[in-house]
Each structure stands twice: as C-alpha cells, then as structure tokens.
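Enquirer: Sequence:
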Amino acid sequence: MKILLAEDDNDMRRFLVKALENAGYDVASFDNGLSAYNRLREEPFELLLTDIVMPEMDGIELARRATELDPDIKVMFITGFAAVALNPDSQAPREAKVLSKPFHLRDLVHEVDKLMAA
Numbered sequence: 001m002k003i004l005l006a007e008d009d010n011d012m013r014r015f016l017v018k019a020l021e022n023a024g025y026d027v028a029s030f031d032n033g034l035s036a037y038n039r040l041r042e043e044p045f046e047l048l049l050t051d052i053v054m055p056e057m058d059g060i061e062l063a064r065r066a067t068e069l070d071p072d073i074k075v076m077f078i079t080g081f082a083a084v085a086l087n088p089d090s091q092a093p094r095e096a097k098v099l100s101k102p103f104h105l106r107d108l109v110h111e112v113d114k115l116m117a118a
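Counting from 1, position 39 in the sequence shown corresponds to residue 39 in UniProt numbering; the numbering is continuous, with no gaps.
Just so you know, these hints were derived from the structure itself, not from any lab.
This one's a predicted model, so the numbers in the text were calculated from it and none came from an experiment.
Even glycine gets a Cβ: it sits at the ideal position worked out from N, Cα and C.
Heads up, a few of these hints could be off.
[Claimed, not checked] Computed cross-link-like contacts, DSSO-like style, restricted to lysine-lysine with a CA-CA straight-line distance of at most 27 angstroms:
1) Lys97 with Lys18
2) Lys114 with Lys18
3) Lys2 with Lys101
4) Lys2 with Lys114
5) Lys97 with Lys2
6) Lys101 with Lys18
7) Lys97 with Lys114
8) Lys2 with Lys18
9) Lys101 with Lys114
[Said to hold, decoys possible] Computed Cβ-Cβ distance ranges for the label pairs, DEER-style:
10) Arg41 with Arg106: 25 to 35 angstroms
11) Pro44 with Glu21: 25 to 35 angstroms
12) Pro55 with Ala117: 25 to 35 angstroms
With these hints in hand, go ahead and build the complete structure from the sequences.
Expert: The following block contains the structure:
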C-alpha cells in the first residue's frame with residue numbers, strides 16, 4: 001500500500017515516514033503540497049496523508065486536486081487546525097479523515113490501518 005505524505009515540518013515528516021514504514025507501508029514524502037501533487041500526477045497512491053498549512057499549496061487544495069485525479073484515493077489530514085478541515089466551506093473531500101496534532105505515532109498507524117482496510 002502506497003502513501004503520499006505531505007508535511008512541511010522536517011522532524012514531523014521523518015517521524016511519520018519511519019512509523020508508517022515500520023508498519024509496512026511504502027511512503028513517498030514531500031515538504032510541500034505542490035511537489036506532492038506533481039508526484040500524484042505521475043503515479044497512483046492509495047492514501048494521501050497531508051498537513052493542512054503548508055507553503056506553495058495547502059493540504060486542502062492538494063486533497064481537492066488529488067481526488068480530481070483519482071476519485072478512489074483516501075485522504076487523511078494531520079493538523080493542528082482540525083476546525084479548518086471540518087469547515088464545510090473549505091472544499092476538503094467529504095470522506096477525509098482528520099487527525100489532530102499532537103497525536104501519538106501509534107494512533108496515526110492505527111487510523112491509517114483502519115482507513116486502508118475500509
């Protein structure tokens with residue numbers, strides 16, 4: 001199962017990649033939404049795991065474009081701004097899961113496992 005991770009915080013991104021790879025996932029990670037989007041255009045992923053507040057393209061725009069490219073891609077936001085993702089005016093994909101920071105890496109892997117099994 002391939003996960004595309006977009007997170008601009010370098011330390012957070014490293015921790016997330018390590019936790020997800022240890023759980024058996026194949027992870028491609030990027031530090032901004034635009035780079036992640038360009039990769040999505042090249043190959044399919046099962047899950048987009050993205051921060052919301054990022055330079056160049058925010059996570060909501062990235063998720064919107066990702067679901068236009070692949071309506072079957074699953075989306076999970078990792079954010080300290082959960083209310084933004086949940087706001088109906090944000091145009092975030094309706095089925096997107098939101099995991100609020102701070103969270104334990106074990107909780108992240110558990111939520112990803114649940115989403116991938118759905």
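Enquirer: Now, for every hint given, state plainly whether the structure supports it.
Expert: Hints, verified against the model:
1. Lys97 with Lys18: Judged against 27 angstroms, a Cα distance of about 21 angstroms means the pair holds.
2. Lys114 with Lys18: Holds, at roughly 19 angstroms.
3. Lys2 with Lys101: With a Cα-Cα distance of about 23 angstroms, the restraint between Lys2 and Lys101 holds, given a limit of 27 angstroms.
4. Lys2 with Lys114: Holds, at about 15 angstroms.
5. Lys97 with Lys2: holds, 17 angstroms
6. Lys101 with Lys18: The hint holds at about 17 angstroms.
7. Lys97 with Lys114: Given that 27 angstroms is the threshold and the Cα spacing comes to 11 angstroms, the pair holds.
8. Lys2 with Lys18: It holds: about 14 angstroms lies between the C-alpha atoms, which stays within 27 angstroms.
9. Lys101 with Lys114: holds, 18 angstroms
10. Arg41 with Arg106: 25 to 35 angstroms: holds, 32 angstroms
11. Pro44 with Glu21: 25 to 35 angstroms: violated, 19 angstroms
12. Pro55 with Ala117: 25 to 35 angstroms: For Pro55 and Ala117 the Cβ distance comes to about 33 angstroms; the hint holds.
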